[in-house]
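Visitor: Chains as they are written, first to last, in the numbering used here: chain A, 1 to 342; chain B, 343 to 684; chain C, 685 to 1026; chain D, 1027 to 1368.
Simulated from the structure, these hints should not be mistaken for laboratory data.
Just so it is clear, the structure is predicted and the values come from calculations on it, not from any experiment.
Backbone N, C-alpha and C fix where the C-beta goes; we use that ideal spot for every residue, glycine too.
One or more hints might be untrue.
Claimed, not checked - Using 35 Å as the maximum straight-line C-alpha spacing, the simulated DSBU-like pairs for lysine-lysine come out as follows:
#: 1; chain 1: B; residue 1: Lys599; chain 2: C; residue 2: Lys958
#: 2; chain 1: C; residue 1: Lys958; chain 2: D; residue 2: Lys1190
#: 3; chain 1: D; residue 1: Lys1300; chain 2: A; residue 2: Lys257
Said to hold, decoys possible - With the C-beta cut set under 8 Å, the calculated list includes, among others, these residues of chain A facing chain D:
#: 4; residue: Ala41
#: 5; residue: Pro127
#: 6; residue: Glu140
#: 7; residue: Ser246
#: 8; residue: Arg251
#: 9; residue: Asp253
#: 10; residue: Ile262
#: 11; residue: Thr264
#: 12; residue: Tyr310
Stated by the list, open to error - Which residues of chain D face chain B? A few of them, derived with a C-beta cut under 8 Å, are:
#: 13; residue: Ser1072
#: 14; residue: Thr1074
#: 15; residue: Ala1291
Protein chains: 4
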Amino acid sequence: MAELSVALFGAGRIGNVHAANIVAHPDTRLRYVVDPVDSAAEALVSRTGAERVDEVTALDNPGVAAIVICSDTSTHAGLIESGIGAGKAVFCEKPIDLDIKRVRSVLDTIDGSELPLFVGFNRRFDPAVAEVRRRAGTGELGDIELVTVVSKDPDGGLPIEYLKVSGGMFRDMTIHDFDMARHLLGEEPTTVSATAATLVSQDIADIGDIDTASISMQTASGKIAVITNSRRCSAGYDQRVEVHGSTGTARTDNVPKSMFSIETAGGTQRDNPKFFFTDRYAESYALEWGRFVEVLRNGAAPEPTGVDGYRALLLAEAAYLSLEERRTVTVNETENRVLGAG
Amino acid sequence: MAELSVALFGAGRIGNVHAANIVAHPDTRLRYVVDPVDSAAEALVSRTGAERVDEVTALDNPGVAAIVICSDTSTHAGLIESGIGAGKAVFCEKPIDLDIKRVRSVLDTIDGSELPLFVGFNRRFDPAVAEVRRRAGTGELGDIELVTVVSKDPDGGLPIEYLKVSGGMFRDMTIHDFDMARHLLGEEPTTVSATAATLVSQDIADIGDIDTASISMQTASGKIAVITNSRRCSAGYDQRVEVHGSTGTARTDNVPKSMFSIETAGGTQRDNPKFFFTDRYAESYALEWGRFVEVLRNGAAPEPTGVDGYRALLLAEAAYLSLEERRTVTVNETENRVLGAG
Amino acid sequence: MAELSVALFGAGRIGNVHAANIVAHPDTRLRYVVDPVDSAAEALVSRTGAERVDEVTALDNPGVAAIVICSDTSTHAGLIESGIGAGKAVFCEKPIDLDIKRVRSVLDTIDGSELPLFVGFNRRFDPAVAEVRRRAGTGELGDIELVTVVSKDPDGGLPIEYLKVSGGMFRDMTIHDFDMARHLLGEEPTTVSATAATLVSQDIADIGDIDTASISMQTASGKIAVITNSRRCSAGYDQRVEVHGSTGTARTDNVPKSMFSIETAGGTQRDNPKFFFTDRYAESYALEWGRFVEVLRNGAAPEPTGVDGYRALLLAEAAYLSLEERRTVTVNETENRVLGAG
Amino acid sequence: MAELSVALFGAGRIGNVHAANIVAHPDTRLRYVVDPVDSAAEALVSRTGAERVDEVTALDNPGVAAIVICSDTSTHAGLIESGIGAGKAVFCEKPIDLDIKRVRSVLDTIDGSELPLFVGFNRRFDPAVAEVRRRAGTGELGDIELVTVVSKDPDGGLPIEYLKVSGGMFRDMTIHDFDMARHLLGEEPTTVSATAATLVSQDIADIGDIDTASISMQTASGKIAVITNSRRCSAGYDQRVEVHGSTGTARTDNVPKSMFSIETAGGTQRDNPKFFFTDRYAESYALEWGRFVEVLRNGAAPEPTGVDGYRALLLAEAAYLSLEERRTVTVNETENRVLGAG
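One chain only, chain A, in its complex shape (with noise of 0.2 Å):
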């Protein structure tokens, strides 16, 4: 069977984890690599003898079967249009878009469309997390009641300079958490209340973001997701869902550095929780590479897809707008508002 060629674009550090996949994937090949930044794509291309070309070229060429976007997020709208536009499958790292409406703009423009856009919540391939979803799949769990996710950054995770154009921490790191609860819901919230505090530093004070917050939602038949968030971890990642059901609870924990411990008069200790994504979800993303290529040779349905990534977005959304009206809203409201407000 053929390897599918693939175009890169963005060999920055997330690039450099789709890379390293799409390498070690006996059935990609990594052909191009696309980045206005000179040292980075250089590097990358050396080391995976890919070709560094610009954006025509790579979506000129017949032969490239799909694009990856992990370039700064303000190309990956146009990225995707283009990119379709071009005949190409795309896997977009997430967001799609800062601005809803743009989300929005792009789903309509690529709607009719049979090929796959596949946002990068890399998170549903997380074995345990897979693990979960698959459980409440089988009944084990009976009726899903409760979803807890919880999610906070590493002490030291991300530059401010990162945080000043992330687009907010709902938009940024909360997108994530809304996706998980919506894929292990099994069923879409319809309200949103948020609660939100800036306690974390007064870097983050200062460019007007918060850092600690709970989101409760709840789907029209009652079920109930809550996420935590904080933007310092001092022990590290710390990322664990849990599914409540009628007849069982599945959860994840922490992955630890190593299974290393030791117990002295003074106490039992243990290795902290990995320090931050790229560790953590190491193995997420190369299973999330697989599927990809699952859409692309077997014409699977791609999940998840830019309405995944649209319908995210729109729960954070609704979570600014809970924090701002200090009330639970709804997430139709929040909709028309948002899209009918440009």
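Using the hints, position chains B, C and D against chain A.
Guide: Using the frame of chain A, we list chains B, C and D on its own:
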């Protein structure tokens, strides 16, 4: 040192728990048992060597240093007032009353008395919870930012007859969690936002109660506490608290029935959590009694007090108000409303 | 049903453990306490309502159904013989005697009696150990192949005065582990190979005892059991068993003092194991007493019996012989040697 | 800094593990692959860009800094001698040879060379094992007294064809555990006592091998190490070490496939340990390669060395001698016997 004589009101399940601890403690003696139900009273008396008397006898005897109130909830408020009036130290099981105005009036009545009123929020004395609180106090956690309380009754734990007269989930069950949140935050919550549903059983729906909920609270300085509740947990009593601070996170995990495990090709199995509160919190009741004795012996400040009972119930009232009005409410407006409503 | 009256010999630490369980059990009554030490006997009598008597009175009273032997080791053998002779059921703390020939003579003396001799290998009744044993019985583990027993006393658990008269580590401490190995193997060990050292303290070296050891045993069919021992474990009592079978492995883990944990940048800390046997095995003593009552009530076969006490001690003798001769010895040759040596 | 060029002998399973690490390391380049099997060699060459050559070409090229020996065991000794003779640093998978006299002669042959011989006892580089070793070095554990190594292959891990030519369990599998024991004791074992059986399969019995064992070793100062082995563990690869010292105990636990768990009325289930060494020890192989590069780059002392390979094999020989003579043997007498036997 002379033994402290105790009169116990109520020889039901929780009365028996306290009776055993009174007998086992080297400094206390179970002198009287007061209970209108013959079988319960006689069984307890025969096992402990206590004497069965009526309320007047128990309160009139100047040799009785303290009364322990484990009788029907409707009798608590009156017994507190009579007990303090008769010069006894009072240990009262939660709640003081289901009607917060009555709780307020009890506190007003006994205001100025030097006799202690100790309210039975036993979980504060659980060794793991106490250690979380202690670590919060040492500064190891830095500034407290996010407190999480997971609290779920075991499947089959409580009959519908109990729930019918319980006062509603927030006042009966969550009240322990409100106390935990207050205890672990170290700062009074000022706002409350609740989400709830009735998912567990038609019986609970029929009595107009809820059985699944999440409650977010926030303090004036922005700290957040989140409670998640269910009336049904298939694997047993689910009781976990977590305090996330700027430099550390402390938590308690469920206590397994035993440390047994088995590994086969099909997976690794462990024992489930202890089934319900008499098992799970057995140690906390003994330690709670020890603390009460210290209050009597050394004049240590009682804790938790009647005020703690009042504040926890007030948070329950605020949660109901939030549910009703689908918004974040303040504790102050709740207090004005519930106290003014009569 | 009439209560079973019990006479307790020995009001020391372990005597008090059994006394509390006798009192708490609905079917048994602590009638007599026999102990030459005034303070110990009086304290126990005043707390329980039992009567302090001498040995003759206790044994002569036909209303006493059972005696519990917790007195000095040197008195065990004689009391078993007198007790059985007086028509009482006998519960005897381990060991029956430190001299295996005396143990053998006790068993010969009471041979033929229908009265039960129950020997206090309490660990068999620990809920986790009992579950391991139960699973071995269900076939879930397949054929048992390798049993591991880790057994270490806590640092500071036992004073040198105790060790001086203990009979040596294999007879005093490892005897419990020999019983565990026999219990979990489901087949009698036929060979023993021991390795040992004195590493813990000069005091132990001075009394000629060992304090650190590993013992391997094998059954006729080839199953292997391994015990590792130390007289000093810094973090507390280390008590773990593991049964590896052809289709599964069952194990027990140490019981932590509480389920508290704390995570900081410096690591994740948990509570240490419970400190020593009165904490760690409290539940097992209560369940053991319950089993003894069943033996009395329902004529169930006593287990563990005097034979179990003898066989465990014989393995200790074999371990000493192996150490001395630096070779794998058989249990049979050991038995011939120790019984023939007098 | 110039890349170090490497020639790899053997393109089988373990050869591929090392090849991937050589490619991923920024300082090393896979230049040559030598393997007589066309399919294996070609597949590896096509994936990595290396060149397939014969042994002479690989050794003659002065640009090749190091050779990595993953070929058939029978070729190891000769390749070490040729490699060192050709001026290459040598990384050799264990064992150097199944015949300890041949191992001895290799060490004698290369004695005096300044070129490093690094033997692939990868487990030393497992992060959890390395942390145990590090803590032993900091003094946190006090004096090391008792080392435990549990090592069991997964059920179905190895075909009988492999076992047939493996040299026997002690030389093939336990050799890793002997190295662990030496590494963690920090002192050379001087005596060995082994117990073993063939319980796993008739196939193993038919080839005259053992499959279940315990081995106790002791050092001159009395420290004890115990290994337990089985060729079949139903739940997966069982790999645990424990170092008990006078002031602390450090250990490693099995690495679960994921941190998933599920709780139902029937029990709490977790994921099994990772299945076998390529999963379980993946990290250790990468870190091992990193250490080898440091040896090459900075002239750091190689560890483990050929002497480590020899001493581990010598302990295997002592274990066989102990089994045969049913006694505790010394390592010295074993060495005299095995070296003198030819």
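Visitor: Next step is simple, just say for each hint if it's right about the structure.
Guide: Here's how the hints hold up against the structure:
{"no.": "1", "hint": "Lys599/B <-> Lys958/C", "result": "holds (15 Å)"}
{"no.": "2", "hint": "Lys958/C <-> Lys1190/D", "result": "violated (47 Å)"}
{"no.": "3", "hint": "Lys1300/D <-> Lys257/A", "result": "holds (15 Å)"}
{"no.": "4", "hint": "Ala41", "result": "violated (17 Å)"}
{"no.": "5", "hint": "Pro127", "result": "holds (4 Å)"}
{"no.": "6", "hint": "Glu140", "result": "holds (7 Å)"}
{"no.": "7", "hint": "Ser246", "result": "violated (11 Å)"}
{"no.": "8", "hint": "Arg251", "result": "holds (6 Å)"}
{"no.": "9", "hint": "Asp253", "result": "holds (4 Å)"}
{"no.": "10", "hint": "Ile262", "result": "holds (4 Å)"}
{"no.": "11", "hint": "Thr264", "result": "holds (4 Å)"}
{"no.": "12", "hint": "Tyr310", "result": "violated (29 Å)"}
{"no.": "13", "hint": "Ser1072", "result": "violated (36 Å)"}
{"no.": "14", "hint": "Thr1074", "result": "violated (35 Å)"}
{"no.": "15", "hint": "Ala1291", "result": "holds (5 Å)"}
In terms of the numbered hints stated before, the structure departs from hints 2, 4, 7, 12, 13, 14, listed from lowest to highest.
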